[in-house]
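> As they're listed, the protein sequences go chains A and B. Position one of the first sequence corresponds to residue 0 (numbering that gives the first Met the number 0), numbered consecutively onward. Position one of the second sequence corresponds to residue 0 (numbering that gives the first Met the number 0), numbered consecutively onward.
Source of the hints: derived by calculation from the structure; they are not laboratory data. Quantities reported herein were computed from a predicted structural model and do not represent experimental measurements. The beta carbon of each residue, even a glycine, is placed where N, CA and C say it ideally should be. Be aware that a few hints might be false.
[Stated by the list, open to error] Calculated lysine-lysine pairs in the PhoX-like style (CA-CA distance at most 25 angstroms, straight line):
id: 1; chain 1: B; residue 1: K65; chain 2: A; residue 2: K149
id: 2; chain 1: B; residue 1: K281; chain 2: A; residue 2: K173
id: 3; chain 1: A; residue 1: K173; chain 2: B; residue 2: K311
id: 4; chain 1: B; residue 1: K65; chain 2: A; residue 2: K146
id: 5; chain 1: B; residue 1: K106; chain 2: B; residue 2: K281
[Claimed, not checked] One-sided and incomplete, this derived list gives chain A residues near chain B with beta-carbon spacing under 10 angstroms:
id: 6; residue: L47
id: 7; residue: D50
id: 8; residue: I51
id: 9; residue: A64
id: 10; residue: I163
id: 11; residue: K173
id: 12; residue: L261
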Amino acid sequence: MQTMPASLLPDTTIINTNARISYVLYLADNALILGHRNSEWCGHGPALEQDIALSNIALDLLGQARHLYQYAAELYNQLNPSAPVTEDHLAYLRDVRDFRNCLLAEQPNGHWGQTVLRQFFFSCWQYYFYQQLQHSNDTQLQAIAIKSLKEVTYHLRWSSEWVIRLGDGTAESKTRMQQAAADLWPYTHELFQPAAFEQEAVSAGYGVTPGSIEKDCLGRIQHIFSEATLSVPVTQPGLHSGGKTGVHTEHLGFILAEMQFLQRAYPGSEW
Amino acid sequence: METVEITCPDQVFLDKLDRELKIEPKDWMPEPYRQTLIRQISQHAHSEIVGMLPEGNWITRAPSLKRKAILLAKVQDEAGHGLYLYAAAETLGISREKMYQQLHNGKAKYSSIFNYPTLSWADIGAIGWLVDGAAIMNQVPLCRNSYGPYARAMVRICKEESFHQRQGFEILLTLSRGTPQQRAMAQDAVNRWWWPSMMMFGPPDASSPHTQQSMRWKIKRFTNDELRQKFVDICAEQATILGFSLPDPLLKWNATTGHFDFGPINWDEFNQVINGNGPCNKERLDARRKAWDDGEWVREAAEAHAAKQKTKAAAA
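With these hints in hand, go ahead and build the complete structure from the sequences.
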């Protein structure tokens, strides 16, 4: 019987006890999982132009994820040179509890309006986040932030336009958008609540204080929602959080089962 | 006295064809030429967007981040090809919506190859190598076809297609150097995609009703059988490099003809698939119809919003 060489599985102890690796993986997982969700639309969009636009965003996010995983692998390999990992080990051979992405990213696509609203909330956060991360004292993170910000600026514009279009479109589209806002809003709070690895990242000078960008994000959301004639849901943070520490919604397990299938079924193969 | 030469439009049209000049949207053209082009270009556009489905099927399961990015970009390219082609067809006086209707109600066809299922990752390699390979064989001559917008669209498409074909070959090459399981996976994919790819060139010349007219109009430059032979000759050699066999016991080099001989094609199967009885015809059409129906409220909302903006702008 063929068994997977133990060295292939990333050592979660190394990851969990290293704030910098955890931090980079948090950002990588966010991009990968939302990119995965968006890529599910490929071939099924409401119009060919929009199919292309959303696939573009998925590709951008996947590209960001790859830069981040590659950097995380580099950090990991410095600590554990005897069993080095690659971007693919980190994406394909960690389980649900090891993924750190926010719960918003893993929420199902639902209808087109839900997908664009999820993208809008996320892009809004990513936009202000990367603006701050440009000043990180970690040159790699700095470079990734600068490159990603160009893409995210477009994602934010594209998703804002769609939120406005659908909010201010027909009675049906408005109702759908208001419902989507109610469904997704509870998952936005988590982004601004600091995990332990983020606090360490901030004190070491390479990370962003999550709460520091909340006001800007909210301001932008209020502005776009008002143009879209939608109201911003009013809820206090509930229990819709935990992604950063690996406590996810039930959706992530299915995403990983699908995404990781080949790597798990044919361990140690080159593709 | 000055003589005025009166030429009938048909003469001008044929004269242009003979001089290898392009026919442009505003030029006079015979109605059957227009209809043939609409049929062919829309069929080609539909093939691009239906073709997104079998490959899109593996985006979320691609085995590495690099392969995922390449596949996603490839399927996205196909959407782009669909867009250029629908736009080219629109210059002939048919709307994209009308073409979609014809696809959804079964009146318009698309390439029958996309009615086969993608069962393993190796299918993505086999589609790239064989299906895109056959498509290029068909499409390169179309870059010189007589209708300007179609020819120009094809130039862009062919550049990307040959890139896709190399990517497919590279997937198979990697699998061929992999584990025994990976090699078996790849051989199985080649076995399943070979004959359907051979059918992509269409019925044999003897039973291809449109070929002669299309060649006269310079829409088509080579016959189905000529292109098919070219495809076999190239693939037979590439299969050797990959170390895979092609599932045809009669495939053999013929020194007299300078080509590979090959076995009979199962045209019953081809006709079954064309007539809607292929393994995935229903799934493919259902998926396209669902995307269209689910998107209806989105398109309506976008139009309503655009109309509101227009009114606002006019009032300002």
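> Hint by hint, say whether it matches the structure.
Now for the hints, and whether the structure bears them out:
In summary, the hint linking B:K65 to A:K149 is supported, as the alpha carbons are separated by about 22 angstroms, within the 25 angstroms threshold. Proximity of B:K281 to A:K173 is assessed by CA-CA distance (about 33 angstroms); at most 25 angstroms being required, the pair is judged violated. This hinted pair checks out: A:K173 and B:K311 have alpha carbons roughly 19 angstroms apart, not beyond 25 angstroms. Between B:K65 and A:K146, the direct Cα distance comes to roughly 19 angstroms. Compliance with the 25 angstroms bound is thereby established for this hinted pair.
Taking the CA atoms of B:K106 and B:K281, the gap is about 14 angstroms. The hint holds against a cut of 25 angstroms. Checking A:L47 against chain B by beta carbon gives a least distance of about 5 angstroms; that is within 10 angstroms, so the hint holds. Interface hint status for A:D50: upheld, as the beta-carbon distance to the closest one in chain B is roughly 5 angstroms, under 10 angstroms. With 10 angstroms as the threshold, the beta carbon of A:I51 comes within range of chain B, its nearest partner Cβ sitting at about 5 angstroms, so the hint holds.
Nearest Cβ of chain B to the Cβ of A:A64: about 7 angstroms, under the 10 angstroms cut. The hint holds. Among the interface hints, the one on A:I163 holds; its C-beta lies about 7 angstroms from the nearest C-beta in chain B, closer than the 10 angstroms criterion. For A:K173, the interface hint holds, the least distance from its beta-carbon to any beta-carbon of chain B being 8 angstroms, beneath 10 angstroms. Evaluation of the A:L261 hint against chain B yields a held restraint, the C-beta minimum of about 4 angstroms falling below 10 angstroms.
Violated hint for the displayed structure: number 2, the only one.
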